[in-house]
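Modelling step: build the complete structure from the supplied sequences, incorporating the hints.
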Amino acid sequence: MRLPGGFGAAGTVCLIVAGMLVAHAQLGDTGDVPSGRAHAGPADSTPPTGIRLPGGGDDVPVVSIGTASSGTLEPPEEVRHVGWWRGGAALGDTAGTVVLAGHVDAERQGVGSFAALWHVKPGQTVRVSGQDHRTVTYRITGTRVYPRTASLPASIFAGDAAPRLALITCAGGFDRRTRHYTDTLVVYAVPTTT
Amino acid sequence: MISRRHAATRLATRAAVLAGVVALAGVALAAPAGASSTSTSAADENWLVAAHQMNLAEMAAGRDANRYANDRSVRGFAEDLVTEHAALDQKIIELAKKYDVFLPKTPTAGQAKALAALQGKEGDAYDTAWVKARTASHRQAQTLNQREVTAGEAGDVRTAARDTRAVEQSHLKSLDELAVDLGVSSPPAEVTGGTGGQAAAQLAASRRLPASILAALGLVLIGTELVLARRRRRATQ
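Chains A and B, in that order, give the protein sequences.
For the first sequence, the positions run 1 to 194 when this note's numbering is used.
For the second sequence, the positions run 1001 to 1237 when this note's numbering is used.
These aren't lab readings, by the way, just hints derived from the structure by calculation.
Don't take each hint at face value.
Said to hold, decoys possible - Partial list, derived from the structure: chain B residues whose beta carbon lies under 8 angstroms from chain A:
1) A1125
2) S1185
3) S1186
4) T1192
5) T1195
6) G1196
7) A1200
8) L1219
9) I1222
10) T1224
11) E1225
No residue lacks a Cβ here, since even glycine has one placed at the ideal position from N, Cα and C.
This is the structure we're talking about:
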């Protein structure tokens, strides 16, 4: 069989890339996961009450949420709002991960505020405001995608980790039968100032 | 609402306190004729001081939570904490008098700082920070209690440490239950943040236009290649 010339090769590449764009919309891992250990010190912390994601836009309200006995963390009912896991670190804690979970969408409400996390990149910044009106700026260091069928790694929530932020939402393909996404996306960030 | 589980644990805690008080009273009466040593070591004296300061800290934390906690179960447990640590401390004071050990009137600087940090919080944040702080303080206390039980010299002080250990163990059980109710007992295993599928559909739609343009371009290029190939074939014939 004769190999295609320049036009044929370029055309084949275009078709392959087009196919990948449509069929392979899943996100992948990027950057690094911050892994330092905390240095003990006095904590002057406050619960987070708002978050501003990369790309501008308004502050998204953050409310306190807990883990159900089943181990599930259910973000707030309002799809625009974000939940702060009160079992984790608060803003300003000298150790641990500030864990914020939000919706990418909900059946009757449409697209949620954390759908924006599908487009973030390492190096971008996130601003989290607290109940005492302080603001902490975080720099995104990386993203990780975990299969939804497996439990999230406990290391994400390490209480002795150096201060960091974990933004959690769904990703992957949407299963219309179970009405769930196939993966979980975790965006990691570290404070730009401590 | 205070759950039945909490009520059962509180009853068990009270029973443990009562048993501890009875046991301590028995030790106090029997001590002069007992087989174990009636003199104290530095370890005994250190434990009496540490246990007293821990009791002061727990009572202060309990009074604070009884007033400021958001959750009724936390307030209920805080009330028990004050009562039960007061009962434990009464016996520590008796033993300190017996062995002429000086007891400080305030918690340690670290304990005072931890209490002050709690006072800056409110609502759910206060409750969860309080439960976490009490769990940490009780675990720390259990290490000291265990050390005294195994390495102490005076029999009645070791018995007091054993009884304190039993009461604080029941407190840890109550704290674990409170942590479950407050949703902070364990890290989340799963996050359910998408049930509509609109975000996936939106992402697919956003990629459809560039994919269509690329596909059309690809077909044009391949078509051009086929036409050129046919012309080359004709030219060579």
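- Query: Looking back at the numbered hints, which does the structure fail to meet, lowest number first?
  - Reply: none
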